[in-house]
Amino acid sequence: MVGTRFYRGFPNPKGTKGEYVVLFPVPQEGPAAFRVELMARPSLGNEVKQAVNLHARPRKWRHDNINLSGEFLRRVAERFPAANPNDLLGAYLDVNRNMRKLNHDLFQKTSTQSSPQPLWSGAFKRFFGKPMARFGDRRTYLYQNKAVDQQTHLGEDLASLLASPVYAGNSGVVVYAEALGIYGQTVILDHGLGVFSSYSHLSQIDAKVGDKVDKGAVLGRTGTTGLAFGDHLHFAINLQGEFVDPLEWWDPHWLKDQVEGVWAGSATATAAGDALKPAPEKKKTAKGKAAKGKKKRN
Numbered sequence: 001m002v003g004t005r006f007y008r009g010f011p012n013p014k015g016t017k018g019e020y021v022v023l024f025p026v027p028q029e030g031p032a033a034f035r036v037e038l039m040a041r042p043s044l045g046n047e048v049k050q051a052v053n054l055h056a057r058p059r060k061w062r063h064d065n066i067n068l069s070g071e072f073l074r075r076v077a078e079r080f081p082a083a084n085p086n087d088l089l090g091a092y093l094d095v096n097r098n099m100r101k102l103n104h105d106l107f108q109k110t111s112t113q114s115s116p117q118p119l120w121s122g123a124f125k126r127f128f129g130k131p132m133a134r135f136g137d138r139r140t141y142l143y144q145n146k147a148v149d150q151q152t153h154l155g156e157d158l159a160s161l162l163a164s165p166v167y168a169g170n171s172g173v174v175v176y177a178e179a180l181g182i183y184g185q186t187v188i189l190d191h192g193l194g195v196f197s198s199y200s201h202l203s204q205i206d207a208k209v210g211d212k213v214d215k216g217a218v219l220g221r222t223g224t225t226g227l228a229f230g231d232h233l234h235f236a237i238n239l240q241g242e243f244v245d246p247l248e249w250w251d252p253h254w255l256k257d258q259v260e261g262v263w264a265g266s267a268t269a270t271a272a273g274d275a276l277k278p279a280p281e282k283k284k285t286a287k288g289k290a291a292k293g294k295k296k297r298n
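According to our numbering, the stretch in the sequence shown is residues 1 to 298, in order.
Rather than coming from a laboratory, the hints here were simulated on the basis of the structure.
Since the structure is predicted, the reported quantities are computational estimates derived from the model, not experimental observations.
By construction, the Cβ of each residue, glycine as well, lies at the ideal position given by its N, Cα and C atoms.
Where hints are given, some of them may not hold.
[Unchecked claim] Taking CB as the label site, the calculated pair distances span: (1) Trp254 - Phe34: 18 to 24 Å; (2) Tyr20 - Glu178: 50 to 56 Å; (3) Arg57 - Gln204: 39 to 45 Å; (4) Arg59 - Lys146: 24 to 30 Å; (5) Arg74 - Glu47: 38 to 44 Å; (6) Met1 - Leu102: 23 to 29 Å; (7) His63 - Arg97: 38 to 44 Å; (8) Thr112 - His63: 45 to 51 Å; (9) Trp254 - Ser69: 47 to 53 Å; (10) Glu47 - Phe128: 24 to 30 Å.
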């Protein structure tokens, strides 16, 4: 449990039976010191809970001002028909707020089921493009010099040549491949253990739900669909529906140390504990007892 969100655990890929791992996001805002709660729900018996205190390094987020012109609002109204087409600002805010929330709800719904084993291999492949907007950017939208809305950007915007081929960041299974509101034509991949990647604003989709794709497979081409008016790719990573920084998943060292190394280290520690367990003594008499060793706790 992180706040009010529960993140499911999966069998440790390198561990023993009954050992689990869970990948969860750290809250973007809040105190550096925070607490999560581990919950074990056995098939028989009572639920067990244990609080764990964690510490996150505070991070400074970029802040951008985005000026909305009347022409831009008209283009948005044309692309997303509104109930009151005469209220251009109201129509835009409905899209930027309410449709955005509905789209994020769909991301969470799509990410509820995931492969119990990791499908990815190594660091994720970065789309070759110029970064235009970064994960976590705080955006203030201005209309006629007045702040009218604020949102947080939850992916990486990468611009390249028009209609550039978009590649799968890593191996996985296609779980979504169609229009998704402000994100336009979108492909979502499940990489296992609750890890998902998404590719948005595509002009063309070359994958379908159920496809098993390898790292580097073509999923489609960049475009301007959804709430985008310049050709680019919006790439995002989410853990069971909650968006996290893609930069980490592009970094082979971070992935090895913070993800794969954690569960491998846990398995090594467990094996070491087994090695330290004393061997049972052989019975010499009918009354003799075998020695019992205690497994080292991790």
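*Within 23 to 29 Å or not, the Cβ separation of Met1 and Leu102?*
Since Met1 and Leu102 have Cβ atoms about 25 Å apart, the given range 23 to 29 Å holds.
*asked:* Verify the CB-CB distance for Tyr20 and Glu178 against the hinted window 50 to 56 Å.
replied: violated (33 Å)
*Thr112 and His63, beta-carbon distance inside 45 to 51 Å?*
33 Å Cβ-Cβ, so the 45 to 51 Å window is violated.
*Per the hint of 38 to 44 Å, is the separation of the Cβ atoms of His63 and Arg97 within bounds?*
violated (19 Å)
*Kindly confirm whether 38 to 44 Å is satisfied by the beta carbon distance between Arg74 and Glu47.*
For Glu47 against Arg74, whose Cβ atoms are near 55 Å apart, the range 38 to 44 Å is violated.
*Do the beta carbons of Arg57 and Gln204 sit within 39 to 45 Å of each other?*
Between Arg57 and Gln204, where Cβ atoms are some 40 Å apart, the hint holds.
*Could you see if the CB distance from Trp254 to Ser69 stays within 47 to 53 Å?*
violated (40 Å)
_Against the range 18 to 24 Å, how does the distance between the Cβ atoms of Trp254 and Phe34 compare: consistent or not?_
The hint (18 to 24 Å, Cβ to Cβ) holds, given that Trp254 and Phe34 are roughly 21 Å apart.
*Could you see if the CB distance from Arg59 to Lys146 stays within 24 to 30 Å?*
Because 29 Å falls inside the window, the suggested range holds.
_Distance restraint evaluation - Glu47, Phe128, Cβ atoms, bounds 24 to 30 Å_ = violated (48 Å)
Of the hints listed earlier, those the structure fails to meet are numbers 2, 5, 7, 8, 9, 10, in rising order.
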